Amino acid sequence: MEHEAHNPALLHHFADAQQQKNAASLGMWLFLVTEIMFFGGMFCAYLVYRLAHFNAFAAGSQQLSILLGATNTAVLIISSVTVVLAVKAAEAGKRKVLVGYLVVTVLLGMTFLVIKGFEYKEKFEKHHVPGPTFQFTDTFDDNGKQIPVNPKEAELFFSLYFAMTGMHALHMIIGCGLFSVLAVLAWKGHYTPSYFTPIENAGLYWHLVDIIWIYLFPLLYLISRHS
Amino acid sequence: MSEPEEHTSRPQGFYLAIGMGLLVLTATTVGAAFVNLGPFNPIIALLIATIKATLVVLFFMHVKGASEKLTAAVVVSGFFFLAILLTLSLADYLTRSWR
Numbered sequence: 369m370e371h372e373a374h375n376p377a378l379l380h381h382f383a384d385a386q387q388q389k390n391a392a393s394l395g396m397w398l399f400l401v402t403e404i405m406f407f408g409g410m411f412c413a414y415l416v417y418r419l420a421h422f423n424a425f426a427a428g429s430q431q432l433s434i435l436l437g438a439t440n441t442a443v444l445i446i447s448s449v450t451v452v453l454a455v456k457a458a459e460a461g462k463r464k465v466l467v468g469y470l471v472v473t474v475l476l477g478m479t480f481l482v483i484k485g486f487e488y489k490e491k492f493e494k495h496h497v498p499g500p501t502f503q504f505t506d507t508f509d510d511n512g513k514q515i516p517v518n519p520k521e522a523e524l525f526f527s528l529y530f531a532m533t534g535m536h537a538l539h540m541i542i543g544c545g546l547f548s549v550l551a552v553l554a555w556k557g558h559y560t561p562s563y564f565t566p567i568e569n570a571g572l573y574w575h576l577v578d579i580i581w582i583y584l585f586p587l588l589y590l591i592s593r594h595s
Numbered sequence: 121m122s123e124p125e126e127h128t129s130r131p132q133g134f135y136l137a138i139g140m141g142l143l144v145l146t147a148t149t150v151g152a153a154f155v156n157l158g159p160f161n162p163i164i165a166l167l168i169a170t171i172k173a174t175l176v177v178l179f180f181m182h183v184k185g186a187s188e189k190l191t192a193a194v195v196v197s198g199f200f201f202l203a204i205l206l207t208l209s210l211a212d213y214l215t216r217s218w219r
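First to last, the protein sequences are chains A and B. Here this note's numbering is used: position 151 in the first sequence is 519, and no number is missing along the way. Here this note's numbering is used: position 80 in the second sequence is 200, and no number is missing along the way.
Bound conformation, chain A alone (with noise of 0.2 angstroms):
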């Protein structure tokens, strides 16, 4: 092949573009697995444990609120429809249009935050925080039996709430900060159909922050909730 009209982007070392954008998406995806082992130690302590105090997990779960945690799933669930209509944009070209998918994408991540916010202010509030000052009096309610729930025990699922939830949360706010930073360069006009890498990882990113909480809500809201 000739040379052709040289794609500023492209590196030396690579054939062709192509070949330099599948580099860089498997570099993201290697990163990725560090996240999902990362995440995976934190999902196998909250199962060894629920497994071992699972009335003590289920009468902390029963103090979430579904209504707060599923709004929070559909909201995340949008903001990856509005990253990969982002990608797409780049990829045919179009600034503006990938701006504003970006720019509505870094506000329903702060619409999650703010939401998650919230939630954390009630468990302050409740004393459902693990530390000196936690409290916890509820029982954990079995199809209308109540069983009394030994507090060191509720403690606990808060503990792997506050720890999983909050990991999950600076998740956001780092991609927040990254999406908010991309939608200033692609105003500038970095991006183009021949180079929108940085645009697609992160993207990548947002949707694996956006797995971990689909499997977050139902095993930290919705453990035993029928009765």
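Derived by calculation from the structure, the hints in this document are not laboratory data. All figures in this text were calculated on a predicted structure; none of them were measured in a lab. Fair warning: there could be bad hints in the mix.
Listed next, the stretches of chain B that the computed footprint assigns to chain A, with coverage defined by at least 3 CB atoms under 8 angstroms from CB atoms of chain A [as the list claims (entries may be wrong)]:
1) 137-145
2) 153-166
3) 200-207
Where a beta carbon is used, it is the ideal one built from N, C-alpha and C, also for glycine.
Based on these hints, arrange chain B on the given structure of chain A.
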């Protein structure tokens, strides 16, 4: 390259349909949580979550139709090692009462 760039993305309507599917599955999992299915409650919840995660990985993260098969291998190996972590840990904790 003079050949046309590979387009991994699909029509907008396709992504909206997947998004709608994910929202419907979310509503389903909330609804299922209020029905007493005994030990099947967590199984159904995790099954629905896994369907949702699979949809996101395949269609939003473009693993299906990716030109590089190595990416798919990395993705599968990531979840495979997570499965090892969870199964071996639970194989211990779930069987401690069996004596």
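Hint check results:
Evaluation of the coverage hint for the segment 137-145 of chain B: fulfilled, as 4 residues show C-beta separations to chain A shorter than 8 angstroms, against a requirement of three. A stretch counts as covered by a chain when three or more of its residues have a beta carbon under 8 angstroms from one of that chain; for the segment 153-166 of chain B and chain A the count is 9, and the coverage holds. Here the segment 200-207 of chain B counts 4 residues with a CB under 8 angstroms from a CB of chain A, which clears the bar of 3, and the coverage holds.
The structure agrees with every numbered hint stated previously.
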